[in-house]
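Student: Residue strings, one per chain:
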Amino acid sequence: MPGYYDISDILMEDEAVSVAFHVGANGVGLLDPGTETNSVEKGAKIDLPFWLAHELCRRRAVSITIPSCFGQKMKKDVQADAACVDLGTRYPYFYEFGCKLFPLVGDKSIGLFLRHTFANRYKEMLSKSHTASLNAIPKFVLRLSKEEYQLFEAARSSMVEFKKWRVRDLGLMKTTIVGHKRKTDLH
Amino acid sequence: MAGQTDHSISIFSAAEVEFIAEDEMIEIVPNIRMNALNLLCGDFGPFLPQIPCTVPLWLAVALKKRGKCSIRTPDWMSVEKLTQVLEAERESPREFQPLPFHYVEISRLLLDHAHDDIPEVYMVRSLIEDIRNVRFHKVESGLETISGRTHAVKLKNLSAMEVNLVRPFMARVLQAFYKHDSPEMVQQADTSASKRPQVVDRGPRRDLRPR
Numbered sequence: 000m001p002g003y004y005d006i007s008d009i010l011m012e013d014e015a016v017s018v019a020f021h022v023g024a025n026g027v028g029l030l031d032p033g034t035e036t037n038s039v040e041k042g043a044k045i046d047l048p049f050w051l052a053h054e055l056c057r058r059r060a061v062s063i064t065i066p067s068c069f070g071q072k073m074k075k076d077v078q079a080d081a082a083c084v085d086l087g088t089r090y091p092y093f094y095e096f097g098c099k100l101f102p103l104v105g106d107k108s109i110g111l112f113l114r115h116t117f118a119n120r121y122k123e124m125l126s127k128s129h130t131a132s133l134n135a136i137p138k139f140v141l142r143l144s145k146e147e148y149q150l151f152e153a154a155r156s157s158m159v160e161f162k163k164w165r166v167r168d169l170g171l172m173k174t175t176i177v178g179h180k181r182k183t184d185l186h
Numbered sequence: 000m001a002g003q004t005d006h007s008i009s010i011f012s013a014a015e016v017e018f019i020a021e022d023e024m025i026e027i028v029p030n031i032r033m034n035a036l037n038l039l040c041g042d043f044g045p046f047l048p049q050i051p052c053t054v055p056l057w058l059a060v061a062l063k064k065r066g067k068c069s070i071r072t073p074d075w076m077s078v079e080k081l082t083q084v085l086e087a088e089r090e091s092p093r094e095f096q097p098l099p100f101h102y103v104e105i106s107r108l109l110l111d112h113a114h115d116d117i118p119e120v121y122m123v124r125s126l127i128e129d130i131r132n133v134r135f136h137k138v139e140s141g142l143e144t145i146s147g148r149t150h151a152v153k154l155k156n157l158s159a160m161e162v163n164l165v166r167p168f169m170a171r172v173l174q175a176f177y178k179h180d181s182p183e184m185v186q187q188a189d190t191s192a193s194k195r196p197q198v199v200d201r202g203p204r205r206d207l208r209p210r
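Quick mapping for you: the protein sequence lines, in order, are chains A and B. For the first sequence, numbering that gives the first Met the number 0 gives the first residue as 0, with consecutive numbering after it. For the second sequence, numbering that gives the first Met the number 0 gives the first residue as 0, with consecutive numbering after it.
Hint data in this document are derived by calculation from the structure and do not stem from the laboratory. The beta-carbon is built from N, C-alpha and C at its ideal position, and this holds for glycine as well. Do not take every clue at face value.
[Said to hold, decoys possible] Derived pair list, reagent style DSBU-like, types lysine-lysine, alpha-carbon separation capped at 35 Å: (1) B:K178 / A:K138; (2) A:K122 / B:K153; (3) B:K63 / A:K72; (4) A:K138 / A:K74; (5) A:K107 / A:K138; (6) A:K163 / A:K122; (7) B:K80 / B:K63; (8) A:K162 / A:K138; (9) A:K163 / B:K80; (10) B:K178 / A:K122; (11) A:K162 / B:K153; (12) A:K163 / B:K153; (13) A:K44 / B:K178; (14) A:K74 / A:K99; (15) A:K44 / A:K122; (16) A:K163 / B:K64; (17) A:K75 / A:K99; (18) B:K80 / A:K162; (19) A:K162 / B:K178; (20) A:K74 / B:K153; (21) A:K138 / A:K163; (22) A:K99 / B:K153; (23) A:K122 / A:K107; (24) A:K162 / A:K72; (25) B:K178 / A:K145; (26) B:K80 / A:K145; (27) B:K178 / A:K74; (28) A:K145 / A:K163; (29) B:K153 / A:K72; (30) A:K162 / B:K64; (31) B:K80 / A:K107; (32) B:K155 / A:K162.
[Unchecked claim] Derived coverage of chain A by chain B (criterion: at least 3 residues anywhere in the stretch with Cβ under 8 Å from a Cβ of chain B; other residues may be distant): (33) 109-122; (34) 146-159.
Required output: the full structure, derived from the provided sequences and hints.
Tutor: Pasting the structure below:
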């Protein structure tokens, strides 16, 4: 897992999760917009950033409820068509978040769900990422989570570099390299 | 994990692979007389006009640029051989045909600098392009079958440039699948999909961490 200094890890831990407090807490009424006194009641439901929820969960002060991105609706979406689910704008840290969340929450099916989603989206991504050109950003790129985007970038940049190397020094002879149009080409 | 946040996971650039390919030996026919060259990588005998000799590719291209030799095409680059290879590639959807390891780079260098020495140069160029396309599509279709069970992906007879092309992507994909498929996360046994000969599963899964 990426470590302490990783930027995307830090950003990812800023996601909000809904927690239920087991114990009362004094002096942190800031967290709950609804209280009059400067404290949190036992049993209150509050949204905390993940890094805070993680620590409190380890000390057994709260219990984390599964956020909506791993809930039933998402599972139905993924079953319908995994590749169309828009992870880029809604949950860019989908996979990393799931991996971190998994040991804390009682639901064991998250791990399998993550893997299933990834495997399905991967197939779609494979062919498209290799044939994408430098300028045109296909629409589906906006739907990728951060991790998937790195994969896509790796494939695309190596492909583009190879193409540049091929036409280097050729100048006018470039037209002889134009190949047949294949069905996986995007344009 | 190392490499997961590394944005430049590709170790070789295309130009560097070409540089390594230039060490391959090739036959030339010099048209000048020159003394023997004693280089670190070997001694290349005295050059006499019209006597063929073997030199590294970089030396051959350098001499050719100065007009001091003509390069003899390697055997595998004839139209008949390439057509055979192309037919065989199209027929077997899973295997790659044996080709010289640096065929992409060698063919590009020769086609650029020595196109008057190659018979039917346009045919050769288009055949090599076709071969490259077919092989690359095979690589892609082989990559589709990677699942969590794959420890390593075996691609036999792949050339240097093709390997370099897929290296960053494949390395990251394998890492991602490993991360998602770690023993703590998968609770039930997975039914393994049909495996193609390209993707080799090295026996039963060995857990790298103690349960």
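Student: Hint by hint, say whether it matches the structure.
Tutor: Comparing the hints with the structure gives:
1. B:K178 / A:K138: 27 Å, holds
2. A:K122 / B:K153: 19 Å, holds
3. B:K63 / A:K72: 67 Å, violated
4. A:K138 / A:K74: 23 Å, holds
5. A:K107 / A:K138: Distance ~33 Å between K107 of chain A and K138 of chain A Cα, so the pair holds.
6. A:K163 / A:K122: 26 Å, holds
7. B:K80 / B:K63: The hint holds at about 25 Å.
8. A:K162 / A:K138: 23 Å, holds
9. A:K163 / B:K80: 28 Å, holds
10. B:K178 / A:K122: Since the Cα atoms of K178 of chain B and K122 of chain A sit roughly 17 Å apart, the hinted pair holds (cutoff 35 Å).
11. A:K162 / B:K153: Measuring from Cα to Cα gives roughly 25 Å; hence the hint holds.
12. A:K163 / B:K153: 28 Å, holds
13. A:K44 / B:K178: OK: K44 of chain A and K178 of chain B at ~32 Å, within 35 Å.
14. A:K74 / A:K99: Between K74 of chain A and K99 of chain A the Cα gap is close to 19 Å, so the pair holds against 35 Å.
15. A:K44 / A:K122: Roughly 39 Å separates the two Cα atoms, so the pair is violated.
16. A:K163 / B:K64: 23 Å, holds
17. A:K75 / A:K99: 22 Å, holds
18. B:K80 / A:K162: 26 Å, holds
19. A:K162 / B:K178: Given that 35 Å is the threshold and the Cα spacing comes to 32 Å, the pair holds.
20. A:K74 / B:K153: Roughly 34 Å between the alpha carbons, so the hint for K74 of chain A and K153 of chain B holds.
21. A:K138 / A:K163: It holds: about 24 Å lies between the C-alpha atoms, which stays within 35 Å.
22. A:K99 / B:K153: Within the cut-off at roughly 32 Å; holds.
23. A:K122 / A:K107: Answer holds: K122 of chain A to K107 of chain A is near 25 Å, not above 35 Å.
24. A:K162 / A:K72: Distance ~42 Å between K162 of chain A and K72 of chain A Cα, so the pair is violated.
25. B:K178 / A:K145: The given pair, whose Cα atoms are some 15 Å apart, holds under the 35 Å limit.
26. B:K80 / A:K145: Violated, at about 46 Å.
27. B:K178 / A:K74: Distance of about 21 Å is within 35 Å: holds.
28. A:K145 / A:K163: With Cα atoms ~27 Å apart, K145 of chain A and K163 of chain A stay inside 35 Å; holds.
29. B:K153 / A:K72: Roughly 39 Å between the alpha carbons, so the hint for K153 of chain B and K72 of chain A is violated.
30. A:K162 / B:K64: 24 Å, holds
31. B:K80 / A:K107: Violated, because 57 Å separates the two Cα atoms, which is more than 35 Å.
32. B:K155 / A:K162: 24 Å, holds
33. 109-122: holds (count 8)
34. 146-159: holds (count 9)
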